[in-house]
Every structure is written in C-alpha cells, then in structure tokens.
Amino acid sequence: MFGLDKKDTGLLLIVAALVAFAPILLNPFPEGSALAQFNAGYPDLMQRFVIFGIFAIGFNILFGLTGYLSFGHAAFLGVGSYAGVWMLKLLTINVIPAIIMSTVVAGLFSILIGYISLRRSGIYFSILTLAFAQMSFALAASVLTPITGGETGLQTGLNDPRIFPEFLGGGATSGGNIPAPELFGLEMRASYELSVGGWLWTFNAGYYVCAIIMLVAFYISIRIFRSPFGMMLRAIKSNQRRLNYTGLNTKPYMLACFVISGMYAGLAGGLMVSMDPLAGAERMQWTASGEVVLMTILGGVGTLIGPVLGAGMIKYFENIFSKINDNLLHQWFAFMPDGMEDFVVAIIHPFIGKGWHLTLGLMFMLVVIFLPGGLVEGGQRLGSVFKRKKKADSSIHSSTAN
Amino acid sequence: MGILEVKGVNKRFGGLQALGDVNLNVAENSVHAIIGPNGAGKSTLLNCLVGMLIPDSGTVTFQGESVLGRNPHEINQMGISRVFQTPEIFSDLNVLENVMIPCFAKRDGAFELNAWGAVRGQADIRDMAEQILIDVNMQDKRHVNAASLSRGDKRRLEMAMCLVQQPKLLLLDEPTAGMARADTNNTIDLLKEIKDSRDITMAIIEHDMHVVFSLAERITVLAQGTPLVEETPENIKGHPKVREAYLGEAQV
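Here the protein sequences line up with chains L and H, keeping their order. Residue 193 in the working numbering is what sits at position 193 of the first sequence, and the numbering runs on without skipping anything. If you count the second sequence from 1, you need to add 1000 to reach the working numbering.
Extracted from the complex, chain H is given alone in its bound form (with noise of 0.2 Å):
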C-alpha cells in the first residue's frame, strides 16, 4: 500500500474532462514523477491532491485518510505540502520571516492568536529557522527581502519553508520551471539531499526529462486526462506508447 491513493479520480471543466479514471500509487519514501504533454492533466490532478479541486468522483487518500473535502491548511497539517510552478512565497517579509511563518504552523497548528508577545522572542521558533536556513544553504541571505531573491533562490526558499514542517509527502509543481541549467542543476542536487537526509516522499509534475530521469523512481504518464503507463525510468524511455504519446503518432 502506497503512502499516497488515487483511485478513480475524474474531473470535468464544462465538457472538457481533465482527468478520466486515473488511479496512482505513490509508494512510501519514493521519487514519483508524473509527467505528459500540455494539457494532460498534471496540474489538475496536483490540485485534486491539495484541496485546490474537488474531483467529480473517486477517492484520495493519504496514509489510509480520505484527504477530499478537506481545507488546503487541513491537507498541509496532515503532512503535505506543496512547491507550486511559480514560488509562491511571502515576498514583503525578509527570508527569515518568510521560513518563521511554517515553523509557527508547526508548532503551533492551524491557528493560535498570539497577539501579546513579540515575534523576537520566540527563541525556539528563530533556532528552527536558522536550521533550516542551514540545511538549504541560505543562512547568510536571512535578513534579505524574499522579493528580491533570484528565481532559484525563491524557490530554495519556497522548498525550506515546507521542510520545516516535516511532511511526509512533497508534491512539486515542475520545480525546475523557467530556470537556468546552473538553477536546475542546483535544485535537482537540493531535492536529491533532501531525499537522502530525511524521511520523504516526493512526487514531482516535470517538463524536464533531465530532472525526472536524475530523480525519480517511478514515471507515470498522463496523456488526455489518464495514466498510460507507470513504469520504472529505464523502461519508460524507450517505451511505444510514450513516444506517441509526445509525438503525436505511432511509428510502424
């Protein structure tokens, strides 16, 4: 049994249907890409995964819960969190503020109206920050405004700020989007640190064949809204059903 379930999941947008029938396995501490041309659903089924959408039908689960219905902060403090395509990050607070706010969340859950005492003497919650601004490598930049990060520094920051919380599951949204080789290269090396030093699940939506064949474990191909294939790296590359899948035509 895998950490993560999808089973049956379809989702119409007026009469386009997004995802048909698809069902996915994303087994424990793993690397699960998902990849596929355009418009094949990628996004759509992240979405259904994070409480952005409501399938039509089908079911979610995550270590055994149902996660449909439930709120995106319900989601996140059940253990997943989330790397969206463009890094979504709190880009009017510093880099230390930005990485404060999840330990907060961690710490002490969903909401906790703290009004009296001053942020600066949260000594625990400063400590687990400045650990996680170590771990990604971005201690000296702590007191720079996250607005003014590079691309690839947003997105460091965006990735530190959901591993503070310690989720079990990281969905990422095609990590490596619009960024320079060097960027790329930078990320895949985070992502495979991160994979190596904690207890995480990744399941990552990717463009970029590099990134997914340096990464993953398990490739599964959407194409119209339903998985094609789910295959180990190896065999996906030469796979037929791949190839038509991208290129449009089967070759005889």
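Just chain L, with the same shape it has in the complex (with noise of 0.2 Å):
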C-alpha cells in the first residue's frame, strides 16, 4: 500500500492508530484519580508531541542515515517560527501559508548553512552548524530585532494588515481580538471535550491538524529510507571515501539531505506558531538543537518511529515530572511514618519538578550504555523475549531497523 512493503505498511498504520486515538490512550487514569497527574492527553502536550516527532523525524533523515551530526538544527526551527508568524501576521491567520512558507524558509536557510557547513564532516560539520545556529540566535535576540522582535519575541496583534480577504482570514481583528489561527474557520484552539465515566478526553483541532501532518511527513521519510537515495546517504554513513571513488559525487547527496532535514524543522516550527502564534529567539538556542539530538539517541538513532518515540518521551518528562512537586509527594507517601515520610521526599526531591533533567539526565545515560539502539532496540529485545517464550526450540533472528 502506498508503494510501501507489507511491513512498512503495518508500522505507518500502527502509527496511525496511535496518533488518532491518542487523546483517548494518554489519559488512562479517570480525572480526579490520584493518578490523573500523570495523564498527558491534554492539547497542548499532545501538539508538542507531534510537532517534535516531525522534528525528530527530520533531523533522524540526517544523523540516521548519514551520520553526519548537526548541532544546529533548531535555527531551522528558529526560522521556520518567525517565517509562520510573519505569514499570520501579512498575509491570513489561516494556518496554510505559515505552514507552506515556514518549511520554503527553512529550506532556503538550510541551503546556505549546509553549503558551507557541509564543507566539513565528522566534528568539524558539527561545530560548524553549532556555529551558524548561535549566529542566528544572537542576531535574532539583537541585530534582527525589527523582523524577529528580538528578546519578547514575535506575535500576532491588533494592527497586522492580513491583506488575503476575509473568507480567507484575512482582514482586520473582529471584535477588537487578536484573532486566533485557524483552518478555514476552524480555530487551533477549538477542542471538543468527551466525558465516558470518570475519563474526560479532548479532541483538539489543533492536535488533528499536526497529527495529520506528522503522517504524512512520517510516510515521506520511510519512503526516503526506502528509496535509491537513502541507500546512498546510507553508503556515505558506512563509507565516503568508497563511494567517491565509485563515481557518485557525495556532496550534492549530502546538501539534498541537509535540506530536506532543515525543511521538516521549519515545518515544526510553522506548526509551533499555528498553535500558538508566538516565536521566541530561544527557540534557536544550543539547548533546543541538543534537544532534538538527544530525542534522536533515545528512541534510536537511524530507526523509522525512534524519533517519535523519543521526542515523545522527552517532552513527557518535561511536562510532567516536572510538575511535581513536594505537596505532591507528601500526598503519596502520607501513610509512611512521619520521619520516613520526609526522608522518601528528600531523597525523590531532587529529581522531580525543577530537577526533571536529572531523572531525563539518568536515563538517557542507561539507554545509550545498555541499549545503544534505543527505545527501539529494547522493543524488539523485549519481542523477542516473548518470541523465544513461545516457541523455544527454533532460532531467533531479530529483526532490524523500524
């Protein structure tokens, strides 16, 4: 289906499922429960979610196929962002040319800095890209500050032009609001809320709109993985030297994948501001693009759904462990003995609320020493735990890279 093999067709399938019913899968705790804390289905979260697997997605098609690791990818994010909001701001507060453009700007953005960057490869390539995104973070919080809106960021307001006509979104504010961003009259921030006993579900349009498109970029990239130019981006991982001298001319391969890469950030960071039409300069900074490398290494590095899972992972932990907090704590531990009560709190308070890097901190280190392929690899270890449970006698092969 869809040119894919059986498969791939599964695994996409799968994927499907799980982001149309997601709403419903991450609450599993009825609302009110002591548990409920720990329920992540909730708009805002479920959008960061997908808009970061698109993220992941991107920057995997790069550091996956080719190995070469880019610390700067949130400038394309960066770029994408304020291409969106100016699209919101210009032209409509429909959500289609700020998606369409952010990813053209990235694009073009990332032509520039991988022509030059690409120059380089191994550590050299990294510095080089870690270089370009500082750049365009300290331009965009200072020089650039009429275009980006330096360190308060860039918004949507009461005075844009919209110049597109009103059935389009365009036009003045109605009502004297700063209008929200919208699909053809369906706003973002529309939810439609479902309540089935004790379980409370929001259906969110903005979390559909990215969802939708988190699919098909996740199907582009398989067909990518799939395709003759994966192969060689794979061979130039495995081997550049070979492949130059076997005829193929390596570096406009390597400039299609930076670009192709930088265009599914942009798309991010245009989806970002769809949601919430605000673009911050730190939304570039070092921290940003070490994040996407370290969702990558999580859910496994050159796997098709690892990077979802792992920006899934990491932006759960962010939400969530960190805000918990002591009350919480004292809460749950409250039928120990008061004195046992407190020593429990303090040993786990360094690693709740603010000091959730540190819990991310400890696992990330356990899944790169005791599964170098990530959340991926220990799927399929624990497939194949269940697989050797049900027929003991034959040989196991596991199988390799989804």
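Hints listed in this document are in silico derivations from the structure and should not be mistaken for laboratory results. Even glycine gets a Cβ: it sits at the ideal position worked out from N, Cα and C. Please note that the accuracy of each hint is not assured.
Stated by the list, open to error - Restricting the straight-line Cα-Cα distance to at most 25 Å, the calculated cross-link-like pairs of lysine-lysine (PhoX-like) are:
id: 1; chain 1: L; residue 1: LYS237; chain 2: H; residue 2: LYS1106
id: 2; chain 1: L; residue 1: LYS237; chain 2: H; residue 2: LYS1141
id: 3; chain 1: H; residue 1: LYS1237; chain 2: H; residue 2: LYS1192
id: 4; chain 1: H; residue 1: LYS1154; chain 2: H; residue 2: LYS1168
id: 5; chain 1: H; residue 1: LYS1195; chain 2: H; residue 2: LYS1237
id: 6; chain 1: H; residue 1: LYS1168; chain 2: H; residue 2: LYS1106
id: 7; chain 1: L; residue 1: LYS7; chain 2: L; residue 2: LYS251
id: 8; chain 1: H; residue 1: LYS1141; chain 2: L; residue 2: LYS7
id: 9; chain 1: H; residue 1: LYS1154; chain 2: H; residue 2: LYS1141
id: 10; chain 1: L; residue 1: LYS237; chain 2: H; residue 2: LYS1154
id: 11; chain 1: H; residue 1: LYS1007; chain 2: H; residue 2: LYS1241
id: 12; chain 1: L; residue 1: LYS7; chain 2: L; residue 2: LYS389
id: 13; chain 1: L; residue 1: LYS251; chain 2: H; residue 2: LYS1195
id: 14; chain 1: L; residue 1: LYS323; chain 2: L; residue 2: LYS354
id: 15; chain 1: L; residue 1: LYS6; chain 2: L; residue 2: LYS387
Said to hold, decoys possible - Sample of chain L residues facing chain H (criterion: CB under 7 Å; computed from the structure):
id: 16; residue: TYR219
id: 17; residue: ARG223
id: 18; residue: ARG226
id: 19; residue: SER227
id: 20; residue: MET231
id: 21; residue: GLY247
id: 22; residue: PRO252
id: 23; residue: ALA256
Once you've looked at the hints, go ahead and assemble the two chains, each given alone in its own frame, into the complex.
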C-alpha cells in the first residue's frame, strides 16, 4: 500500500492508529484520581508530541542515515517559526500559508548553511552548524529585532495587515480581539470534550492538524529511507571514500539530505506558531538543538519510529515530571510514619519538579549504555524475549531497522 | 600510445621527493605491474592517478584526456576504478546492496535525486547486481552483511563493485596484501578471469612476486620515486638494477 512493503505499511498504520487515538490512550487515568497527574492527553502537550516528532523525524533523516551530527537544527525551527508568524501577520490568520512558507524559508536557509557546513565532516561539521545556529540566535535576539521581535519575541497583533480577503482568514480583527490561528474557520484551539465514566477526553482541532501532517511527514521519511537516495545516504555513513571512488558525487547527496532535514525542522516551527502564534529567539538556542539530538538517540538513531518515541518521551518527562512537587509527594507517601515520609520525599526531591533534567539525564545514560539502539532496540529485545517463550526450540533472528 | 600516460610527474611532501620525474605508459588491454621496495612511491603514484593527490608538475592523461584537477568521482566516471590496499566496502550494508550502489552510479551518473522510488522496484539495477555476483561467484552470499565477510571475500566484493561499472582501467593497490596463500591464488585466478573475459587494462602495485609474475605483461620498477626499469617479466628477474634496488648494493 502507498508504494510501501508489508512491514512498512503495517508500521505506518500502527502509528496512524496511535496518533488518532492519542487523546484516549494518553489519558489512561480517570479524572480526579490520584494518578490523573500522569495523564498526558491534553491538547497543548499532544501538539508538542507530534510537532517535536516531526522535528526529530527530520533530524533523523540527516543524522540517522548519513551520520552527520548537526548541532544547529534549532536554527531551522526558529527560522520556520518566524516565517510562520509573519505569514499570520501579513497574509492571513489561516495556518496553511504559514505552514508552507515556514517549510520553504527553512529550506532556503538550510541550503545556505548546508552549503558552507558540508565542506567539512565529523566534529568540524557539528561545530560549524553549532556556530551558525548560535549566530542566528544572537542575531535574532539583538540586531534583527525589527524582523524577529528581539527578546520579547514575535507575535500576531491587532494592527497586522492580513491582506487576504476575509473569507480566507484575512482582514482586520473582529471584535477588537487578536484572532486565533484557524483553518478555514476552524480555530486551532477549538476542542471537543468527551466525558465517559470518570474519564475526560479532549479532541483538539490543532492536534489533529499537526497529527495529519506528522503522518504525512512520517510517510515521506519511510519513502526516503527505502529509496535509492536513502541507500546512498547510508553508503555515505558507511564509507564515504568508497562512494567517491565509485563515481558518485557525495556533495549534492549530502546537501539534499541536509535541506530535506532543515525543511522538516521548518515545518515543525511553522506548526508551533500555528498552534500558538508566538516565536521567540530562545527557540534557536543550542539547548534546543541538543534536545533534538537527545530525542533521536533516546528513541533509536536510524530507525523509522525511534525519533517519534524519543520526542514523546522527552516531552512527557518535561511536562509531567516537572509538575510533581513536594506537596504532592507528601500526599503520596502520607501512609508512612512521619520521619520516614520526610526522608523518602527528600530522596526523591532532586528528581522531580525542576530536577526533571536529572531524571532525564540518568535515563539517557542508561539507554546509551544498555540500549545503544534506543527505545526501539528495547522494544525489539522485549519482542524477541516473548517470541523465545512462544517457540523455545526454533532459532530467533531479531528483526532489523524499523 | 597507451591508455594511461604519465609524463614527468613530480610530487614532494615537505623535504621528501616522493615522486621524481616519473614516466609511465600503460598499454591498452595489458596488465602492468609496478613494483619496488617500501617507500618507493608506488602508492603516491596511484593516488595521483585517481585524484586523491595532485602532483606538483607533470601530466597524467587517460585516453588522451588529462585527469589532473578532477574529483575522484569524475575520474571514476571516465573509466578508472580503484581497488584499495585494505578493501573499501560499505560494511554497514549487505553484499547485494554493496553491488547495487555502483550499479546506480553506472546507470544514473554521479548524482540522481531519487528519493521517492523504492530500491526494490529497480529491477534493472537488481539484475545487474545479481549478474555481477554470479560472475565473481558470490551469489550465495548476497544477503550477508559485508562486515562479516572474510578478507578474501571482501576483496572479491570490492572488485565486483569496480567491475559493475565496466571500467577501462582497473588500478589495484596490493590486491593480495595480508591474504593467506589460498586466498591469494583465488584472487590471481579471479584477476585472470576478469582479464580474459573483459576489455580491461590493469595496473597492479604488488609486493608478492608470485602474483606479479603470474599476471603481469609489463613491469615497472620504482625506487626512491624514480622508475628504474620497464621490462617484460622474463627480463626483470635477473636485472642487475632491480637486484640493486631490492638488495641495496650492486654485486661485483
């Protein structure tokens, strides 16, 4: 189906199903229960899951296939964001031009950065991309303030021109409010809440727009992985010298890959501002570039689904663990004797709230040491354990790369 | 006129004259061996031929066209393929994929952005790859990961990758280095077979005289960056200059 083989089609359908039912799957605990804290099925977070999923899928096309570690991918995310907000300001509050232009502008920007950075490989390439991203960040925060809004950031306002006709989302503001981004009248923040038993499920328009685009992005990445182009990129990772002496010019392959990857990042940036029309310079900072590296490695470098898992994992921790505070811990451990309760809370304290980075860091270390293939490898090992139990006498070959 | 002509090539690395006024003429469809003691400049010469190094002066022409200043992939597309001293293959890919990549290079040229069509849909590429694997007798290993091949099979695979492109000139840098005798003999047989079945010229750098004398039609002896003699194998064996270069002194 869709020009994919059986296995890939299966994977795509599973991801589609998971994404479609995410509002239900991510809210496993009834509203008001003690564990409702761990529910992740609210629109804001779900949007972030899929948007960072797109970002990581794109990053993985570069890093996973060619092994070139870009440390400046957040620059494309930021450029995409700014381009998106400008479209929302100048053309229309409809998100389609914003999403398209953010991808295009990030693509053009990545041609420039890629052309220069790809003159080197290995650590020098990483440093060059890092330098460009930090330069972009510094410029966006200072000199380019008229375009980027400087440190306060760029956002939609009351006096934006929005030159498109009114039925396409253009025109001045109605009722004195800043209009919210929409898709042909459907506001991105519009939600439908469904309450079943104790559960509350929120189906958000913006999430589903992002989710559909994420599925398309995921599908395109599968096509790239399975194409001759993808094979050349893997050959570059494996032995660039041999590829050169095989009569293939590696430079255009690398540049094309870098630009595709940059466009994914721009698309993610465009979706971010389509959900929340505010773009700040900190989005381009090196920590943001580092985060997508972590996502990809955590999920599984060079695997199809890994980056999405990694992105989900990190965003989940960022939003859920960071919200647990001492009061909550005291509630949970209230059954213990007083002294012991304080002791346990004191032990756990550094790992929660603002300390969620510590938890994430430890988890990252464990994954890198014990599961170099990331969460995907963990899944494969679990899978093969179950298979072995089923038919203990037949030999097992663990499946590769998905 | 030879298929490959090297005229007056010089190359210095700092204070070391790696190549001094090298002239070499490789005749079409011949096997030409370049021998010499360690440090004689054999590999430097080869690197100058494939675009890895640019000589300080002199000319290198292939079929009448200069190769100097061209990129390695351009030189390859002109019809020169190179086998490295340690086999250079795509060790993360399997044998079939390894051979398919040069098939793409042969069909589509140096760059083709085909990011949409699936690899498994390329029937002609697959046929081409399967055929070459049959030619080098590796068809039963097509799904083996290239990294897990034996040294001899890696070499065989590398040659298969070069042959897919039907090069006019095949450069071999110590093709049997580090091989057991059986593997060496297999490689010699393979090279003979390639030589007999194709329209191909070979230039071989080799230390193993058994290989040189089994294959070569002409032999050039390099010493300290300069060609000493160019002769047929029969005349090389007892040549006084060659003995001098290898043994370090002339016999009185």
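Status of the hints after comparison with the structure:
no.: 1; hint: L:LYS237 / H:LYS1106; result: holds, 21 Å
no.: 2; hint: L:LYS237 / H:LYS1141; result: holds, 23 Å
no.: 3; hint: H:LYS1237 / H:LYS1192; result: holds, 21 Å
no.: 4; hint: H:LYS1154 / H:LYS1168; result: holds, 22 Å
no.: 5; hint: H:LYS1195 / H:LYS1237; result: holds, 23 Å
no.: 6; hint: H:LYS1168 / H:LYS1106; result: holds, 13 Å
no.: 7; hint: L:LYS7 / L:LYS251; result: violated, 32 Å
no.: 8; hint: H:LYS1141 / L:LYS7; result: holds, 24 Å
no.: 9; hint: H:LYS1154 / H:LYS1141; result: holds, 11 Å
no.: 10; hint: L:LYS237 / H:LYS1154; result: holds, 18 Å
no.: 11; hint: H:LYS1007 / H:LYS1241; result: holds, 22 Å
no.: 12; hint: L:LYS7 / L:LYS389; result: holds, 23 Å
no.: 13; hint: L:LYS251 / H:LYS1195; result: violated, 34 Å
no.: 14; hint: L:LYS323 / L:LYS354; result: holds, 8 Å
no.: 15; hint: L:LYS6 / L:LYS387; result: holds, 20 Å
no.: 16; hint: TYR219; result: violated, 11 Å
no.: 17; hint: ARG223; result: holds, 6 Å
no.: 18; hint: ARG226; result: holds, 5 Å
no.: 19; hint: SER227; result: holds, 5 Å
no.: 20; hint: MET231; result: holds, 6 Å
no.: 21; hint: GLY247; result: holds, 4 Å
no.: 22; hint: PRO252; result: holds, 5 Å
no.: 23; hint: ALA256; result: holds, 6 Å
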